[in-house]
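S.K.: The lines below spell out each chain.
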Amino acid sequence: MKSFYQAQKYPFRLLLLLCFICMGYQSQAQSRIVSGEVKDEAGLPLPGVNIKIKGTNNGTITNFEGAFKLPIESEEDIVIFSFMGFEQQEIDVQTKEFISVVLKESTELLSEIVVVGYGTQKKENLTGAVGVVNPDKDVGNQAVTNTESLLQGRIAGVQLTQSGGKPGAGAEIIIRGNGTLNNSSPLVLIDGVPGSMQDILPSDIESISVLKDAASASIYGTRAANGVILVTTKTGGATEKLKVNYNGYAGLQKATVLPDFLDSWDYMTLKNEANINAGRNPIYSDEEMDIARAGSDPYRYANTDWADETFKDGAFFQNHQVSLSQKVGKTQYMASLGYLDQKGIMYGTSAERINYRINLKSDLGKGFKFGTNFFGAIKKSEGSADSDDQGVMRLIANSSPLVPVFNQDGSWGSASGNPYEINTKNPLFYATEASRQYNNSNKSTINPYLEFTPIKGLTFKTNFSYSFTQGFNKSHKYDFQLTDNDGNDSDITRVQNSLVDAANTYETVQWENTANYTKSFGKHNINVLVGTTMNSYAHKWTNVRVTDLPSNDLTEIGSGSNPTVNGTFNESRLLSLFGRFQYNYDDRYLLEANVRQDGSSKFPSNNRFAVFPALSAGWIFSNEGFLSDAEFLSFGKFRANWGQLGNDKIGYYPYSQTYTPTDGYPFDGSSIANGGLAVTDLANPDIKWETTTSYGVGADFGFWDDMLTVTADYFVKDTDDILLKLPIPGATGISNPAYQNAGRVKNTGWELAVNHFNKVGNSGFEYNIGFNITNIKNEIIDMQGETQYINNRQVNMEGQAIGSFFGYENTGIYRTTEDLEKYPYIDGQTPQLGDLIYHDINGDGVIDDQDRTIIGNPNPEYMYGINLGVAYKGFDLKMFFQGVQNVDIYSSATGHHSGGGNNLMNWTTDWMDRWTPDNPDASKPRLGNVNNEQVSSFWVEDASYLRLKNVEVGYNFNENVCRKLKMQQFRLYVNTTNPLTWSELGHWDPERYANQSRNEAYPQTTTITFGTNIIF
Amino acid sequence: MKKALITLLGATCFSCSNYLDLQDNNTLNQDSFWKTEDHLNLAVTAAYESLTPEELYGRGIRDLDCISDNGYNEWTWMQYWDISVGQHNPATDRIGWVWNDNYKGIRRANEILDNAPGMSINAEAKDIAIGEALFLRGLFYNNLNMLFNNVPLILKVVSPQEARIEKSSKEEVFDQIIEDLSNAIELLPEKGEFVGKINKYAAIALRARVYLYHQEYEKALKDCEEVINSGQYRLMDDYKQLFTAEGQNSSESIFSVQFISNMRSGEKFSGTYKKQPQSHFGVLPNLVHDFYTKNGLKPEDDPDATPFSVWADEKGVPKSAKELEAEGLSIFDYWAEFANRDPRLDHSILRGGEPWLDQEKWDNVVKATKYGIQKYIREEVGMYGDGDRNFMIIRYADVLLMYAEAKNEFSGPSGDVFNALNQVRRRVGMPDVDASLNQETLREEIRHERRVELAFEGLRYFDELRWKTAKNDFENKVIFHERTFNEGKHYWWPIPQTEIDRNPNLSQNPGW
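The listed protein sequences correspond, in order, to chains A and B.
Quick note, the first sequence lines up with residues 1 to 1016 if you use my numbering.
Quick note, the second sequence lines up with residues 1 to 512 if you use my numbering.
None of these hints come from the bench; they were simulated from the model.
Within a straight-line C-alpha distance of at most 30 Å, the following computed DSSO-like cross-link-like pairs (lysine-lysine) qualify:
hint	chain 1	residue 1	chain 2	residue 2
1	B	156	A	688
2	B	489	B	477
3	A	69	A	330
4	A	746	A	649
5	B	319	B	361
6	A	327	A	241
7	B	35	A	540
8	A	123	A	523
9	A	725	B	156
10	A	123	A	137
11	A	759	A	96
12	A	822	B	489
All figures in this text were calculated on a predicted structure; none of them were measured in a lab.
So that you can see chain A by itself, here it is in the shape it has in the complex:
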């Protein structure tokens, strides 16, 4: 681990060396010369370490072997060893002839090197808002099955929501609030190459930088409006010694929470009640209920807990990562291989992933350096092909508990006869044997680059990358006939099997050229960057479907009949010119300007180019003379920034009015459907960019030698010309409206991060505490007066947050006859005791559409993360809490409903407390009235949560043990994710996307893993 860290800094060491030479040092007459060497904790030599005799200007730096010679004048001299990223050390020379120093990696948070767009910067000199995660240091061995998770709760302003524990599933990342009504996912660049966090192994990552504001992200122009995530991978080894690093863990996962549904006899009771209330006949007789309760006929009157049956208690998963790094001659390499094997918590689901990477870098001499990164991921996953697993999630609630999982003879359970059971689609059967879907993908990227440094301070770099992804999805729906326990055919049948083969290829080509010039004149430091980007992205899709395969065992397209085929090819291109100017006066005054011009093929030629400027400035006041006496303040900086960004995630040719092929029509009345062409999506020939203007101020403080650091930011992110599909009248005759530059959304918020680190004397006891919190207010400023109904319960409306819940305000339940007279009800309907009361907002005496209002906000108001770390001797403990506060979800339909429809659906157990004449104080309304299922605040729930996201306990064996085992490092650890959650939601996990409102999200998982980390 250490050597990667060191190697990454190598260029900066060189830079320092150059600066040092530039500044020059004087040699004086001296009494004697002390020699020595400087190493890091892993025992690797550190070149370029700054060595100075305290109180003088005399000093030197270490050479490439980490060795130095220093003239000493007196035995009282104290030598200071300092090196960026490491803790400063002072050595009393006394009579020493040879000084051996081991520098410890710095834990000072404010003196790190941070990767920024097309370069790096000292963290203390940043003027924009950049959040950094160094996975090795900050995250440890959290069992992440998707690399995105590394970011969750770690950086203020970054909201990450897991899409659930489905094997291979990703996560949704929103940076500083949702700034668009369109795709809000940030741009991910891996060593400058566009990609996905999934493409990369956590252990290959040196650092992740999140560019949160326009000042830092505008250099990426049109792709940057949602923020930019820069992933930097580890470079090759720094020494000839081969270093082998193995990290592996294995463990078990289960659902954090599963819905608790009614037992079959309670289900029968409520079903009857709902039917009677709705004016229908009861379904079950008392006799039948008794049979169910007694369990005397378990194959006809079962009591099946479908959630429990469909999910495993402990699904195994394992993850192994091994990497080699070395320097051979003038070439450094790092090669890694990772394997993830994840069995899903739902039966019938699994995923496997292999990641590989080779990073090569060679010094060609004469100022040239050549390198190539080659990396990729092979992914496979398997699941049900019926809708998807969310489909199975819905089946779980929609299935009658009276149906057994298996019939007595071992065949899959099903029902015939009673119309209320015959729709039970046996979720376990659907999850496993009704259909299969296989997803395979293979992505590889090659990224060669050449750097040329003709003179000091000037570097040209040309960086080319080519990524190719091939994905194959095969989904096979089998034909089958289920039977009830008596062998009668049930309605659960599929008479025609089908097979779909879909192939997707994605190709990304990018070529970037940059020139970077750094120069210092006395106290003036400047850095100038100019560059160009050419980027193209192409996606080809082919889909073939056949039916009537003679056997379900056949897996290939050729064996089926009635083929239907489809395919598309789409491409987009980007051409950009960008530049940056940085100025630093005496490490006190910082100024930065960025500009980027982007041209995109997605826009019509009259709106094709756009310019995105940004400006930022900083003042490191702690370096001012008047504060030099303020001992407690080790660092202090104010920052301010302004900039613009663009968003072009709007499809490929939105300006071109196309006629789309339609299903067709068979004129001859027999067999052939002639294709048709019609407008199905409207186009906008004048479409232009969405522009996000962001500005903010921030401050960074370090106290007591940075033992306590505080970073605070206030920001505004104002997106204008948002591409909106405003609802259009049905009379237009087209259901899919065109994008218009119509909207404006503003996110305003603040972020605060506080970190404290301390060592307790010489006890060997270390601890750190970190806390970050973000507050964001999201508001739609302008939608041209329109309201966009996303679905029947969410709207985009001026003055409200994106996706706000919209419906009636529920103020209680009609509990008395006075209530019935007092509160108006839905036009034309008469309420009964036990029905929900809706607030008559306009006071016109009826409840109708005019009384709908905003009843909830799916965007969290606060997000926070808490880090705790303790280390004592070889032991360490890391704990990480993460939470969101004041976020609403709309929770209805699946499992949570008032039985208005006569279709099949079980209830969660809290519905036992529904209103009945015998239970007049119920928390839930009476069953069977469709009007109780109107969209109302009754169904809005507070999904705030705090969860213990990760706990790791580890032990590092001491040097003696390691030496005996011929290892450099040997660590054992236990890790658990999501062990504890505090939330008001009882039956479902609170962490889910805002649009997952039907309680059908695949559950999150809690895991426990055991692992080891070995370095040879």
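Model the placement of chain B on the given structure of chain A, informed by the hints.
M.R.: Just chain B, lined up with the frame of chain A:
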């Protein structure tokens, strides 16, 4: 060095204008379309295709029968039930869907009407395409006019802004439909190139229907006469076969929507699960009881017959064998009684005990009303959503009945009226109607004939609306469940709330 750099950057930028020009090669666009006859054919195909959505002739039009007194919608989420009991409102989704799908068809017709005239291609092909588009536009506007009473009249390809207009009156829409159909009649050939194509007589027959719906009896009967006298159409001998694969596009079909299996969207009105046809659709006992006996009499008036109500409970639902036994009755008598009825009852409706697919005796317990639909139903366990039955929008029997109705309304009973009516009855072996009926009693007879002949063909609801008989028929005659029909608002649907939200110029229909 700097010069070289600037040159490099400059060169990259100059090459950019081409680099960013991409062509969408997936399909044609506004610049490349409307050039050839093939292009026009593609647009015509897309216009015909707009007949097929589930909300229209793919199922929805037939399912209008379950908001009439013929059927009962068992799946509440489909929202037909809401409409049938009078609980619908402007936000009822299905109402918006029906609105949108009709306007989609109008848009596709308008595309042709706007663009075809300027194309330099074969004039005849152009005329036919325009005629077909006019027919389709008339058909969709007739649906809208019947359901919503007055709707915005969109007569060209419109932008969303241009679509934000107020409703036209029912009369204006009616005049437009007549104008479209009259123009179509001029342009269309007497026989289409394919069996599924719209021809001149289809347009005349549709115009007859529109006239009849608007009580223009003289014009309606003239149009009917023209179709009858063309000699192109005749009743098929076998009523049952008319709704099977063999009977498709027969000489009785004047215009049918064509469906084939394994199209991406087959029709959904003929599918069957193993246990029942069209599980969402129940047949109301009221319709079953309304069929005459073989002697052409109401069952209660026929000494040879026993009314089905004898075997039924107070809701009209037939009792089970066990329940009947307890009352000293036999289910076998109940089954046997079907043989006493107008054969169209057995062809249209599935009863308990009837052989059905692999069931020797269909178990009617799966249906709330205990009766299933049988017209158009495929007698095989097939793909539910992928049916291949063609749906007859207008057939010759309908023209004969329209003729009888129009003529009776216009000039009272006459030989022509009886002749038309009796043709329809003789085909199924039913006796002629009593020739002594007066205008009023004959009207009842014709209306009854329409109900039993055309049940589940999507016409009953429209008939009830135009006859203004819905209140009594739906509220009082439907005994199976409670219905409310408010004459102040239920003779038309509300304008969909979403449409009013999106079009500030649009006002809601009266009563809503």
